[in-house]
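Trainee: Sequence:
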Amino acid sequence: MLARLTAFLLISITPAQAADWWSYENARFGYAIELPSEFRLSARPDNGDGLTLTPADQSARLLVFGTNILDGDFSTEANTRMARAKDDGWQISYSKSNSHGISFSGTKQGRIVYVRGVALCNGGAAFFQMDYPKTTMQRYDAVVMRLVRSLRPTKKCVSTTQIVKSFPVTG
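Letter by letter, the sequence shown follows residues -18 to -1, 1 to 153 in mature numbering (1 follows the signal peptide of the UniProt record, and there is no 0).
For the record, the hints were derived by calculation from the structure and aren't laboratory data.
Ideal placement from N, C-alpha and C gives every residue a C-beta, glycine not left out.
Take these hints with a grain of salt, some might be off.
Label pairs and their in silico Cβ distance ranges [as the list claims (entries may be wrong)]:
(1) T34 / T118: 13 to 21 Å
(2) A14 / T62: 34 to 42 Å
(3) N50 / V130: 20 to 28 Å
(4) T36 / V140: 34 to 42 Å
Only pairs whose alpha carbons sit at most 25 Å apart, straight line, appear in this in silico BS3-like list of lysine-lysine [said to hold, decoys possible]:
(5) K138 / K90
(6) K78 / K138
(7) K68 / K90
Model the full structure from these sequences, guided by the hints.
Mentor: Encoded structure:
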């Protein structure tokens, strides 16, 4: 019985879940994410903000990047990104956010976009944005879910209260 169950589970693993993934860490902004091996680097900005990746068939595009939040806080940045997506014609059908993260998705002209962002230390944020045709939704849903689970800060933030407490007392 156990052998049959194990065989069933191995057969039922989707290619996106079974494929090798690789880790990307951005030291400049302090975040990491796992990336599917079927995606290849198509562009890297000179400033080290992130990556643009596509599969061999060019059916999807994955942007991974860090940014400094210049105006407001993470929630303001996240809401601004969602508003820009709406301005670009994306019909947002799902959104969830809090002070530490945001996810939203929508459709436009037969394509799906999914955006995930997480707050980082020192006024930074990390995001990924993936867009792909609706016709490939089954192929890419597992990829998106793994990206969501893997995007994370690599540095633990220290509050200003802890910094002040660590200064030596002078008399």
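Trainee: Hints first: check each against the structure and report whether it holds.
Mentor: Hints, verified against the model:
As the Cβ distance of T34 to T118 is approximately 18 Å, the hint placing it in 13 to 21 Å holds. At about 24 Å, the CB distance of A14 to T62 disagrees with the hint of 34 to 42 Å. Range check, N50 to V130: Cβ separation about 23 Å, and the 20 to 28 Å hint holds. Our hint of 34 to 42 Å for T36 and V140 holds, since their Cβ atoms are close to 38 Å apart.
For the proposed pair K138 and K90, the alpha carbon gap of about 37 Å is over 25 Å, so the pair is violated. With a C-alpha separation of about 23 Å, the suggested pairing of K78 with K138 holds against the 25 Å cut-off. Of the supplied pair hints, the one linking K68 and K90 holds, its CA atoms being roughly 10 Å apart against a limit of 25 Å.
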